[in-house]
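Residue numbers (this note's numbering), protein chains in the order written: chain A, 1 to 127; chain B, 128 to 276; chain C, 277 to 580.
For the record, the hints were derived by calculation from the structure and aren't laboratory data. Be aware that a few hints might be false.
To be verified - Between beta-carbon pairs, the in silico distance windows are: (1) B:Ala234 x C:Asp285: 47 to 55 Å; (2) A:Arg74 x C:Thr280: 41 to 49 Å; (3) B:Pro233 x C:Thr280: 43 to 51 Å; (4) B:Val209 x C:Ala426: 45 to 53 Å; (5) C:Pro511 x A:Gly119: 50 to 58 Å; (6) C:Gly319 x B:Val209: 36 to 44 Å; (7) B:Ala204 x C:Arg292: 26 to 34 Å; (8) B:Val166 x C:Arg294: 42 to 50 Å; (9) C:Leu524 x A:Arg73: 40 to 48 Å.
Every residue, glycine too, gets a C-beta built ideally from N, C-alpha and C.
Residue-level listing of the chains:
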Amino acid sequence: MKALVIDDSRTMRRIVGSLLEALGFEVHQAGDGQEALDLLDDGLEVDLACIDWNMPVMDGLEFVTRVRANPDRRQITLMMVTTESETGQIVRALAAGAHEYLIKPFTPDSIRDKLELLGLVGSEELV
Amino acid sequence: MNDTAVDQMYAIAEQVFSAMIDGDVGPLQPWMGDVPAIVDPIVGWVDAHGGWTGRAALTTSRPVAYDLTRALLRMDAHEEVVMEDLVDAYGELVNVVGGNFKALLPASGTLGLPMVADTLPEVVGAVPMEGLNLAWRGHLIIVSIWMFG
Amino acid sequence: MTLTTDSFDFVADLVRRRSAIQLERGKEYLVESRLAPLAREAGIGVDEYVRRVRAARREADYEEVVEALTTNETSWFRDAAPFEALRTHVIPTLTQERGRIDRLRLWSAACSTGQEAYSIVMTLTDVLPGTPVEVLATDLSTQVLERGRAGRYSQLEVNRGLPAAMLVRHLQRVGAEWRVSDAIQRPVTFARHNLLDAAPAGAPFDVIFLRNVLIYFDLATKRAILERVRRVLRPDGFLILGAAESTLGVDDAWDRIPVARGSVYRPASRVAAPPQTAPFVAAGAAPLSGTSAFPNIPHQGGHR
Numbered sequence: 001m002k003a004l005v006i007d008d009s010r011t012m013r014r015i016v017g018s019l020l021e022a023l024g025f026e027v028h029q030a031g032d033g034q035e036a037l038d039l040l041d042d043g044l045e046v047d048l049a050c051i052d053w054n055m056p057v058m059d060g061l062e063f064v065t066r067v068r069a070n071p072d073r074r075q076i077t078l079m080m081v082t083t084e085s086e087t088g089q090i091v092r093a094l095a096a097g098a099h100e101y102l103i104k105p106f107t108p109d110s111i112r113d114k115l116e117l118l119g120l121v122g123s124e125e126l127v
Numbered sequence: 128m129n130d131t132a133v134d135q136m137y138a139i140a141e142q143v144f145s146a147m148i149d150g151d152v153g154p155l156q157p158w159m160g161d162v163p164a165i166v167d168p169i170v171g172w173v174d175a176h177g178g179w180t181g182r183a184a185l186t187t188s189r190p191v192a193y194d195l196t197r198a199l200l201r202m203d204a205h206e207e208v209v210m211e212d213l214v215d216a217y218g219e220l221v222n223v224v225g226g227n228f229k230a231l232l233p234a235s236g237t238l239g240l241p242m243v244a245d246t247l248p249e250v251v252g253a254v255p256m257e258g259l260n261l262a263w264r265g266h267l268i269i270v271s272i273w274m275f276g
Numbered sequence: 277m278t279l280t281t282d283s284f285d286f287v288a289d290l291v292r293r294r295s296a297i298q299l300e301r302g303k304e305y306l307v308e309s310r311l312a313p314l315a316r317e318a319g320i321g322v323d324e325y326v327r328r329v330r331a332a333r334r335e336a337d338y339e340e341v342v343e344a345l346t347t348n349e350t351s352w353f354r355d356a357a358p359f360e361a362l363r364t365h366v367i368p369t370l371t372q373e374r375g376r377i378d379r380l381r382l383w384s385a386a387c388s389t390g391q392e393a394y395s396i397v398m399t400l401t402d403v404l405p406g407t408p409v410e411v412l413a414t415d416l417s418t419q420v421l422e423r424g425r426a427g428r429y430s431q432l433e434v435n436r437g438l439p440a441a442m443l444v445r446h447l448q449r450v451g452a453e454w455r456v457s458d459a460i461q462r463p464v465t466f467a468r469h470n471l472l473d474a475a476p477a478g479a480p481f482d483v484i485f486l487r488n489v490l491i492y493f494d495l496a497t498k499r500a501i502l503e504r505v506r507r508v509l510r511p512d513g514f515l516i517l518g519a520a521e522s523t524l525g526v527d528d529a530w531d532r533i534p535v536a537r538g539s540v541y542r543p544a545s546r547v548a549a550p551p552q553t554a555p556f557v558a559a560g561a562a563p564l565s566g567t568s569a570f571p572n573i574p575h576q577g578g579h580r
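Extracted from the complex, chain A is given alone in its bound form:
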């Protein structure tokens, strides 16, 4: 499974990226929405995109809107990962087509839980 982490903070890309790698994803990165779209246009195929909201050039909401407008990109699961935590903002993101929404700060367990809800990772068996 492949994932694309889109955030203008290198630190956040590293944190999210390593969590996704630990869950078995091959991780690609982009520093803003435009860079991410360029990667997809160049032929990168991913199952999951984790997207920050506030980024220069093209923000996360715009990226989500563009991806959802493209029928060839239907299979990409879109999860916002952002500090924006107002209900209104979350509603906007879901309305734009984001499948899930994770508020920063988050723990490794929260990413795992969300991906489990989305069917992208299996449930952990309790020993």
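The hints should help you fit chains B and C onto chain A, whose structure is shown.
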């Protein structure tokens, strides 16, 4: 049950540190006793504009800022931290803390980009609001909020 | 301020004797962090707090300490499967078999801080809109029950397995926390209950959630608990266990039904019906609104 603003700020700091840095609650505690001056300070700040205008800042000593950076970037204890790493990591910490503080406010607004330097630029008419002194692994981190005129 | 070895050992010993949980050296940070809120409330450091608890020798203090260290983090829709099962199998089956569902009564056993109970109500809001639903949520720990009743959760807690769409519909941000809406809180009653005792009042139940708690007991106790559970479950009711749990090899009075990625259980057809209980739904009963049908179960406090 009415939490004071400081209680809420503490709860946020606790969550940010446990989630992003320490993996558990514990290393971050309220600072007890006198607050010494910070030697060789590094300050990270983020300004809000739009509904509410003001600033949230985190100040600590340089070695601690480097340790925070190492923790965020999962670097080894003695790995060298370059300025780029410090600005990005410490800045992201400020960004997440500031973003959560902003959510406590009734007015909406947007956060600017986080900045990191060894002194805080002055803003004329800035009114100091809340302050919170934290101990991270025993080291002092000062959280400050100002409202702009 | 930091915990001395002496204080740590005292706490580890206390916790081990009362909960069988082992706190080895290296877990000092965990003890400090879990006791920090209690110490802060008293305005002192953690080590001082422990020393005072030790000196005062009060049962109530001991319980608070043990509770603080044995509470587990919970996820909302933990292992999505049980809620999928509720949505795609349990409710449709009951609707089909009964003709219609007038009212539904569920029990969330070992409910901890309440996320499971609220998740159940959220699911049923979608799957059985307008149908009166009552959820009894029980646990041994008064501390977690209080948290459940308050219905307030931190940002980190709401990030755990709660679909964003559910978050915006059913919770509101309050300060640094999120609060479950009145509509979702109202059907839930929290009460203290020990699974080793007789079943709680409120029977019979249509669905019982007993997830990830049987693992803490030996085989004979598991069997006894399942038997007591079966007696308060309606003959056409459903039992839902944790992802890796099964009644297989424990209690043969259940039929296992594979559903999606898991299983649900129903009382086996060959077993006699449970003892006669009062009619569950009187014909023509109006749906309850704004009140819980459960009797007021006295708060058992520190009494053991």
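State, for the Cβ atoms of B:Pro233 and C:Thr280, whether the hinted interval 43 to 51 Å holds or is violated.
-> Between B:Pro233 and C:Thr280, where Cβ atoms are some 45 Å apart, the hint holds.
With 47 to 55 Å as the target window, see if B:Ala234 and C:Asp285 comply at their CB atoms.
-> The hinted range 47 to 55 Å holds for B:Ala234 and C:Asp285, with Cβ atoms some 51 Å apart.
Outcome of range test on Cβ distance (B:Val209, C:Ala426; 45 to 53 Å) = About 46 Å separates the Cβ atoms of B:Val209 and C:Ala426, which means 45 to 53 Å holds.
Given a hinted range of 40 to 48 Å, is it respected by the beta-carbon distance of C:Leu524 and A:Arg73?
-> holds (44 Å)
Using the C-beta atoms of C:Gly319 and B:Val209, is the stated range 36 to 44 Å upheld?
-> Since C:Gly319 and B:Val209 have Cβ atoms about 43 Å apart, the given range 36 to 44 Å holds.
Using the beta carbons of B:Ala204 and C:Arg292, state whether their distance is inside 26 to 34 Å or not.
-> About 33 Å separates the Cβ atoms of B:Ala204 and C:Arg292, which means 26 to 34 Å holds.
C:Pro511 paired with A:Gly119, Cβ distance criterion 50 to 58 Å = violated (34 Å)
Distance restraint hint 42 to 50 Å, applied to the beta-carbon atoms of B:Val166 and C:Arg294 | Given a distance of about 46 Å, which is inside 42 to 50 Å, the answer is holds.
Satisfaction of the hinted span 41 to 49 Å by the C-beta atoms belonging to A:Arg74 and C:Thr280 | violated (59 Å)
In this structure, the hints that do not hold are numbers 2, 5, in rising order.
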